[in-house]
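Letter by letter, the chains look like this.
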Amino acid sequence: MVIRNGILSTVRARGRTVLFSLLILLLTLSLSLGMALWSYCAQTLEAMDQAYTSIALVEHMGENYPDPYAADDTARQSLAQLGDYSQVPGVTLWETTDWGVALSEGYQRPDGTIPYENQVVLAVFQITQKYVQESFTIELEDLPEEYMIREGPTCTVKTKEGMWEDIQYYSLLSSRKEDVRVVASPRLTLIDETRDITLDLSWMEEAGNVFDRGESYETDPATGESYWEEYFLGYRQAPAGYTGIIGKNLYSYEGKSGVLVEIDPGDSGFVPEPGKRYLLHGELYDSGSSSRAIRVTEFYEGCDQSPWVAFDNYDDPVFTDSIFTEYAQKYELGNNYMQVESSDYIAALEPFQQGTLYLTDGRYPKAGESGVCAITQDIAKQLNLKVGDTISLSMMQSTEYDPFALGETDDTRSWTVVGIVNQASGYEGRIWVSRGEDLPQAPLFGYLLGRAVLDNNRAVEAVDQMEAMAPDGVRITLYDQGYAAAAQPLQAMESTAQGVTFASLVGVLAVLCLFAFLFVGRQQQAVDVMVSLGTPRGKIRLWLLSGVTLVAGVAVLVGMAVSAASMQLLIALALQGARALYAADRRYSNGALGATKEVELPQQVPLWPALVAGVVVFVAALILCVAFVGQAQRKNTLRQGKTRVRVPRSGTSVAGKGAVRFAWLSARRGGWRSVVVPVVALVLSGFLGFLMVTAQGWESQRRSLYDNTTITGQFTSANGRQYTDLHLSDPFQISESGMVSDIQVYRSYHYWLSKDMPQFADNVHGQDRRAGWIEKQEDMVFLNGFAVAPDFIYSEKSPEITWLEGWDEGFLTEPNNYTSGMEGITPCVSSTRWMKEKGVELGDQISVYTELAGDIPVCIVGSFTPWGAADNLYAPLSCLQTDIADYLGCRFTLKSAYDLDDFREYLAQEEYSVPGDLNGNRIVVMLNDSTFTQTVEALGRYITLSQILFPVLFLLMGVMGFVVSWLMVNGRRMEFAIMRGLGASKKRVFGSFFLEQMGLCLMGCILSGVVLTLWSGQPLVWLASAGFALFYLAGCALAVRTVGRTKIFTLLTHAD
Amino acid sequence: MGVLELRDVSYTYQTQYQKVEALRNITASFDGGKVYAVVGKSGSGKTTLLSLLAGLDLPTEGEVLCHDVATSQMKLEQYRREQVAVIYQNFRLFPLLTVAENVMYPMELRGTSPKEAREKAKILVEKVGLPETVLGRYPTMLSGGEQQRVAIARALGMDTKILLADEPTGNLDTANSENIYSILQSLAHDDGYCVIIVTHDRTLAQKADDILELKDGQVVK
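So the protein lines, in turn, are chains F and L.
Take any residue in the first sequence, count from 1 to its spot, add 436: that is its number in my numbering.
Take any residue in the second sequence, count from 1 to its spot, add 5: that is its number in my numbering.
Incorrect hints may have been included.
From the structure, some residues in chain F lie toward chain L, with a derived Cβ separation under 8 Å [said to hold, decoys possible]:
no. : residue
1   : Arg450
2   : Glu1036
3   : Ile1414
4   : Ser1421
5   : Ile1484
Rather than coming from a laboratory, the hints here were simulated on the basis of the structure.
All residues carry an ideal CB built from backbone N, CA and C; glycine is no exception.
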């Protein structure tokens, strides 16, 4: 009965019940959806975090980068200087490169993957001198008595007999030196096919008496007059190495003997004694069907043992125990090496993380696990291994400068194969074990110093910190498998969902407070009746709670049901919206290098948030109602003790007049009521103002970021890792976008000092060796900015250059401003090491030689301390007096960070390839924007969130202000009625209450405005204060007008 | 012709559930210098009658005339401000104004300056038998009888000759009731006020000069 009456008395207040049922339903729905979205995003992000692996490669940008097997001392120094990256926040694992070599019986590396394919150790016999024809110039007066001049289709021949004969000079062949063919050395035979005769001119060849006549256009430096000068080009036979027959192969990849071999002594000084047999160490540089060509080379640089030795027969000890047999064995072994790499997170090694390698069977060895390994398929096939089998290996020791020059050790290992990895080019013969295996210490080869596994969400931050710690010449590259781009919409959605959940909770509390107050707290009349009838307290409580439980329960249940039914669709829509809003454009970004992983998002949305939201709302409703039950019952309890009443200090006030007077007195003496309004106004308008200031702060930060960030970019190799030695035909084309400035390019040529170049034979082999020598020389780099220089392009740091007085970096772009009095001299910046080595000082002039421009007089105008091994010279690009077909590197700066998106679009339209796009062009464009983009995106997310939430919260706060003012005025109905009963005009009554509320509200709003303005310096906060005040005063005005419309009679009757 | 007159007055109002005919065809006249008691059972229409006389509303039919002018022809606010003063059972004092400020309020409505009103309030409070010390106090600091005297002082401050009292002794003990009645009686007999008291207290009604008895919205006596 009690419950029935309680329910009936509640639901019969139809309007109020419907209103609050709807409010509770909507809030349950909103809370449930907010929580569901939050939970979905959190779960999905968690799953994505598990699926994606972000790594940072730490590489030394050395001279031979990216050669993975280069032995570079500067890279080893960098490794020694590396900080402890494991302490960097966001780094979950830091491992330096650790790999060694091993051998396993029966394993042979596939063709093309062996390190010593061209090395040979051969026994050669029948060695004879070989001649080749070479040209030389001769003056007319120096021509011998007997000679032949080739001139067009005829030539003049002075025969042996002293007769001059003009002969038809080849109808078949042109009049070039190629037409003089060796038929059988040393005979030179002139073939005249038109006369069907063969003229023996071997005597001429021997004497070098065959000439081409030509003319060259010369200018007399004295008179400046030009003239044709006649010259003669002669041909002669010159010794060019040796030929022999291969008698025995101690080592060659093909292992053939009995074939002709051409022997180039190279720089070895090999001069065979006639008729002797020799054992040679060298390298194969040409291979024909019936002959081979080798160059005799030293065993290793600086080795004082001769790479050749004469022998009598194959029983000679040199065939059993010598450096030749040692090297033959080394090559044999090295060619079948296996590379064993250790890591505690094999799946995060670059080739695995980038998807080049993957498990085809089994699993990876776990961190610290010993006795197990994963192998590549080629090993598995050759050794017939499968998961669970055991592989036995002999660990080998590399020499310091050759990873494959294997020295045997007594370290043998047997590992159980737990995983088999696919076979990919460049990854043959690989074995992976955990760090627990403790591989033998090996020197660093290649340029990969180490690798950090990163927390996906803090990857960019971690890389920034790692970069700050990195020594000169070390670059950190982030590969996140596209996590940042994929997670961005979900993170944005999660933030929004958190906001919605928070706002819903606030709304739930506000509405439920009002609900409890109206449905329970204000039921004193009913409680009075029940108390007067002697109803027990428990039953009164039951009466009061039964109705609200039903109303709240039904509303919550419907809210939960609607939420559960619509959740899937709403979340799909939200995800779609978030993707459209927050899809991060990371094309061309250095934050989006490498392969991108596609992870399928879960389709099912959990239903528990609907249940939890319903329970939360229902329980909160019950708790608040129970709290207000106490209030309703307390009204009917006699208060103990005396009520303290404060006598007004001034007694009777005569201050003010009319409505203002009443408002003033009422506000001054209103007690808690006069405190509540300013406090509510202060808190709510302050909250809104704070949100506004925070959002404004984010906006300012974003603007400031755009204004103060300089975004650079460069052309790189396809994987985004190599910025130098590219061949860019027209890098300046990007300037057509109108969005880039400061395009820096460089072109380099090998240079040397003339005195440093050794003598090379003037023949094919000599030129070949000369080209090889030039290839090893340092570069003279012509550029228009130091940032693009190979020494500095990988470093964000500017070079510290010591300048000759009056010089600075501007000489690279405007050399004419600096070179007054230095006509014909190229100003250069060099390394201090080079200067010391060459004995030059700042301001000294020196002549360097380049193949392209010959001798170049240079003046050293600046010097820097090098971090690498290179001693390049840097000169202005405009000093390069030649057309440049291609540039080797290009770096540029965006005019404004605001142009970033448009520039990406431009690059896409112009079909520039993006880093990591292996199907695109080999050279790609990369923008160094990852930190900027991530920060801007985070700020954008907050700003959008605030833009979504602010109106909702503003409305919510406004409504709360409205309700508070409504309640405040409605609580004054009796005074209202008295005034009207005494004949006060409506205007005056309105003024009395409105002015009072306005004063109190403005007090709080102004205070919050002042405090926030002082704190933030943003006058914008006054908008929040004004907005809230408007809501409050609107509520107040509406309440006064509504009360005013009520009949005074009714008011007086019900005022109590 | 009385100071206040009811001519065939009917009053009907609609509640959420029913239409109520509170007064039906009432005709009555009230003169100055006399105390009238309006009696009747609960729901007989006493308070409704008083509200119409007080200008809180207009009759749905008939007229309420004050000095021969129908209230429907007047501005009710002005009528309430200048023609009638009402004393309520629950005193109806502004809780946040002092006794003096409560008494001064209707005077100020009529344009009296606060200073002048305060002087006059002092006199009126004395006149209803309250000490000067109460002037600076809030009504809640006074007893029921004292509050009712303040209400009477406020009514006197309105400077009208028609005084309407709705159960003026309803919340008071016998001694206080008698005191209040004697003040009202004195105002009628000595100062010429037309005092109309709505009461269900038969004893009090018997003391009045004239009694108007209502039953079911109609005058029965």
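Quick rundown of the hints versus the structure:
Interface restraint check for F/Arg450: the shortest CB-CB distance to chain L comes to about 11 Å, outside 8 Å, so the restraint is violated. The restraint placing F/Glu1036 at the interface with chain L is violated, with a minimum CB-CB distance near 61 Å, outside the 8 Å limit. The closest approach between the C-beta of F/Ile1414 and any C-beta of chain L is roughly 5 Å, which is under the 8 Å cut-off, so the hint is satisfied. Nearest Cβ of chain L to the Cβ of F/Ser1421: about 5 Å, under the 8 Å cut. The hint holds.
For F/Ile1484, the shortest C-beta to C-beta distance to chain L is roughly 5 Å, which falls under 8 Å, so the interface hint holds.
In terms of the numbered hints stated before, the structure departs from hints 1 and 2, listed from lowest to highest.
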